[in-house]
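Turn these sequences into a full structure, and let the hints steer you where they fit.
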Amino acid sequence: MRRVVVTGLGVVSPIGTGRPAFHAALREARPGVDLIRGFDASSFPTRIAAEVKDLDLAAVPLPADLEPALRRDRKSVFGVVAAREAVRDAFGAPPLLAALEPRRVAVIIASGQEIFHLEDVVAHVGHARIDGGALLRAVLADAPLRRLQIPSDLGARVIAREAGAAGLFAVNVSACAAGTQAVGEAFRAIQDGAADVALAGGYDSMVNPLAVGGFCLLGALSTANDLRGGASRPFDARRDGFVIGEGAAVLVLEEIEHARRRGARVRAEIRGYGSTLDAYRVTDPSPGHAGAVAAMRAALEDAGLAPAAVDYVNAHGTGTPKNDPAETAALHTLLGEGAGRVPVSSTKSQIGHLLGAAGAVELVATIFALEEGLLPATINLTHPDPECDLDYVPGTPRPATPRIALSSSFGFGGQNAALVVAWSEGA
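Everything in the sequence shown is counted per numbering that gives the first Met the number 0, starting at 0 for the first residue and increasing by one.
Everything labelled a hint here was simulated from the structure, so no lab data went into it. Computed from a predicted structure; not experimentally measured. The reader is advised that the hints may include incorrect statements.
[What the hints assert, rightly or not] Capping the alpha-carbon separation at 25 Å, the derived lysine to any residue pairs in SDA-like fashion look like this:
1. K52 with V157
2. K321 with D384
3. K52 with P19
4. K321 with L334
5. K321 with R237
6. K321 with G412
7. K52 with R83
8. K52 with L276
9. K321 with L304
10. K321 with R264
11. K52 with A20
12. K321 with E386
13. K321 with R227
14. K321 with P286
15. K321 with H331
16. K52 with I149
17. K321 with A20
Pasting the structure below:
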């Protein structure tokens, strides 16, 4: 079985664009949540989000033939920026991807769903001013509005074209689990011999009236608007919902001998991947936590490791009333008597929930923990919940020497995915 390593990282996040800025914010436990700037959210119950703040999208150079569409699709531009950084990190500047066999380079990317632009919808529906709930209902009821959508794979196609990748290509839109699944499928493609190199990760941006309005109608978002950076509170007794975010991360994965031959720096090794589906309801996981446990257990079995080998878990940790106790219970089931000794933290406390990009960005944070020997904190955890009784690294990052980490994502409708990643010494 071929071994798969990570040789490049690129990230766009609410706490920093670029790997150095992202890492600095993790070290400082800096929050990325604030009042929404991208649109007027004053009439919404939720008026906060984790937006990307330090990237001038207008200054990002884009291919001329696709520029008009890309300029209108934040998530795709985030993905292109992250991919460019990942390629530079792995292959240097100028990139050396041109020396690779194009058919042996895969691109597997997660994305958010196709989006509507508010101005297009308003013009089509014929209202100069319309509230979020009415706008959402109008879109759902009006099939011709599909013409106003931007394809989810737009950014992924630019990433593939710029990388000269002509091998396996796939775009995953399985919501909250998509980023982890994209990396997992790329890992599997290299492991099985279908590719030597893969660009994998995810991009998403749903900080817009339709998405925020929809999640508000579901009652899924935090309404702790006055707390701003303190509103995303995974595992805290006062948590009241997730904070929506946006961003992207792309990783360069390589077969280990391929990386060694070109003298690449190895950042980490992907050791295992597991994914399951509860097949219960469109938005709800099945009662209990069997699907989440099955995905994490499958990842460990794929890696040939026992649960006792896990030194750190980067949790899904959304901050919703139901997710956090269920995830805690799943980790108790998986880790058994050793659950209390394993540090668990939620990066979403800083960056919010990046939906389709969440798993990829959180994997970058997990690799940060392995490389730097510093566990990201779960910030805003000041009121312990008796149902959430693990070691969540509250408040500040913690020095540690993890060797095996688990990064998990659990999405709407019981989509579950997990990756096992190892420190790169001896890779």
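Hints and how they fare:
1. K52 with V157: Measuring from Cα to Cα gives roughly 23 Å; hence the hint holds.
2. K321 with D384: 12 Å, holds
3. K52 with P19: OK: K52 and P19 at ~15 Å, within 25 Å.
4. K321 with L334: Holds - the C-alpha atoms of L334 and K321 are around 20 Å apart, at most 25 Å.
5. K321 with R237: 12 Å, holds
6. K321 with G412: 13 Å, holds
7. K52 with R83: 19 Å, holds
8. K52 with L276: 34 Å, violated
9. K321 with L304: 29 Å, violated
10. K321 with R264: 41 Å, violated
11. K52 with A20: Cα-Cα ~12 Å, so holds.
12. K321 with E386: Given pair K321, E386 holds - Cα atoms ~10 Å apart, limit 25 Å.
13. K321 with R227: OK: K321 and R227 at ~22 Å, within 25 Å.
14. K321 with P286: 11 Å, holds
15. K321 with H331: Status holds; Cα separation ~16 Å.
16. K52 with I149: Distance ~23 Å between K52 and I149 Cα, so the pair holds.
17. K321 with A20: With Cα atoms ~32 Å apart, K321 and A20 exceed 25 Å; violated.
Of the numbered hints stated above, those contradicted by the structure are hints 8, 9, 10 and 17, listed in ascending order.
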